[in-house]
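Asks: Here's the letter readout for the chains.
2 protein chains.
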Amino acid sequence: MTTTIFDFIGDQSGEWKVTLTATLKGDPISSVSHLTKVSSNLIQTEKGIWTLKGIVSNLRYTEKKDKDKLVSIQENLGRPNATLAAFIPIRKSEAWWNLAQDERRKIMENKSQHTHTGMKYLPAIARKLFHSRDIGEPFNFLTWFKYAPGDADAFEELLYTLRKTEEWTYVDREIDIRLKKKV
Amino acid sequence: MTTTIFDFIGDQSGEWKVTLTATLKGDPISSVSHLTKVSSNLIQTEKGIWTLKGIVSNLRYTEKKDKDKLVSIQENLGRPNATLAAFIPIRKSEAWWNLAQDERRKIMENKSQHTHTGMKYLPAIARKLFHSRDIGEPFNFLTWFKYAPGDADAFEELLYTLRKTEEWTYVDREIDIRLKKKV
Numbered sequence: 001m002t003t004t005i006f007d008f009i010g011d012q013s014g015e016w017k018v019t020l021t022a023t024l025k026g027d028p029i030s031s032v033s034h035l036t037k038v039s040s041n042l043i044q045t046e047k048g049i050w051t052l053k054g055i056v057s058n059l060r061y062t063e064k065k066d067k068d069k070l071v072s073i074q075e076n077l078g079r080p081n082a083t084l085a086a087f088i089p090i091r092k093s094e095a096w097w098n099l100a101q102d103e104r105r106k107i108m109e110n111k112s113q114h115t116h117t118g119m120k121y122l123p124a125i126a127r128k129l130f131h132s133r134d135i136g137e138p139f140n141f142l143t144w145f146k147y148a149p150g151d152a153d154a155f156e157e158l159l160y161t162l163r164k165t166e167e168w169t170y171v172d173r174e175i176d177i178r179l180k181k182k183v
Numbered sequence: 001m002t003t004t005i006f007d008f009i010g011d012q013s014g015e016w017k018v019t020l021t022a023t024l025k026g027d028p029i030s031s032v033s034h035l036t037k038v039s040s041n042l043i044q045t046e047k048g049i050w051t052l053k054g055i056v057s058n059l060r061y062t063e064k065k066d067k068d069k070l071v072s073i074q075e076n077l078g079r080p081n082a083t084l085a086a087f088i089p090i091r092k093s094e095a096w097w098n099l100a101q102d103e104r105r106k107i108m109e110n111k112s113q114h115t116h117t118g119m120k121y122l123p124a125i126a127r128k129l130f131h132s133r134d135i136g137e138p139f140n141f142l143t144w145f146k147y148a149p150g151d152a153d154a155f156e157e158l159l160y161t162l163r164k165t166e167e168w169t170y171v172d173r174e175i176d177i178r179l180k181k182k183v
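Residue numbers (the UniProt record's numbering), protein chains in the order written: chain V, 1 to 183; chain S, 1 to 183.
The hints are simulated quantities; they were obtained by calculation from the structure and are not laboratory data.
Here the structure is a predicted model, which is why all the values come from computation and not from measurement.
Do not rely on the hints blindly, as some may be mistaken.
Said to hold, decoys possible - Pairs of lysine-lysine, BS3-like flavour, derived with a Cα cap of 27 Å:
#1 V:Lys67 x S:Lys111
#2 V:Lys65 x S:Lys106
#3 V:Lys64 x S:Lys182
#4 S:Lys111 x V:Lys65
#5 V:Lys106 x S:Lys111
#6 S:Lys164 x V:Lys64
#7 V:Lys64 x S:Lys111
Required output: the full structure, derived from the provided sequences and hints.
Replies: Written out as structure tokens, the structure is:
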């Protein structure tokens, strides 16, 4: 089961080179030049300059029809031409977490079209969500995107669309770290 | 944030005396005579004969109307006359986890009336759910009930009602440990 837990280690060397770090909301994070994603466990060790831990979990909002579609078109994150990545840790406000399931779902799907927006860019923009809130981490989610240089514009469009949704008004901390694969 | 993580330690001494251990489904658990619930962290240490770890999280299925009702009638688990308790670790099958959110919700609420059944017995039967699946524990949930001796029959009725629901057909491991407060 430990393969569902991952550490994202920001440091002075590593697998991915940081090309840009932007604090979009809330407190910034210490600046690092490299990021490495490693399979980990629940032990909170501070590796590198900082370590953010996330867990792969079940889908919390996706309904049957969308889940089937997602599974059929989802691209494996390991494809070799995806030399660009984005690591975007996010925290949502207490107001969000105090909402009931149906209220959160309504904001995410009916109003913000979260799943449909992401799906539109699949398989070009591969995305993976890691949960961090329940394990006492500073962020609630670590989002991880990988794409080929030719899909960089599509990626910007995807982010732009997500960030102007009602769902995003509940985001109170967001750091956008762009990465390039060391070759 | 560490107060959301708890260890349930089964041992030869402790806060609660075990009065009965029943394996209802799946593999049994080592027999212990006492159980202690302690505030913990994510470090997996084996204390006592066994340690089961769980995390308090947000409600995953409860809708607005029910959430408001729950909050208004929920009794504090610390009341002194609740000298009986039940610790029931549960695992659900892969078939359950492969369902989409709306399918799980439909089985839990529309068909199994999970929230309404629990609510009917509040505040007499205080209940708390701890999540374990995402942190690689052997069970998916640790359920914890506390009640006064006068409500013991109501508690049996609650369990009987939950166990014959469609939701319960997805439970593939369940241990029922009954406890009495040491006074």
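Asks: Against which earlier hints does the structure fall short, listed by number upward?
Replies: 3
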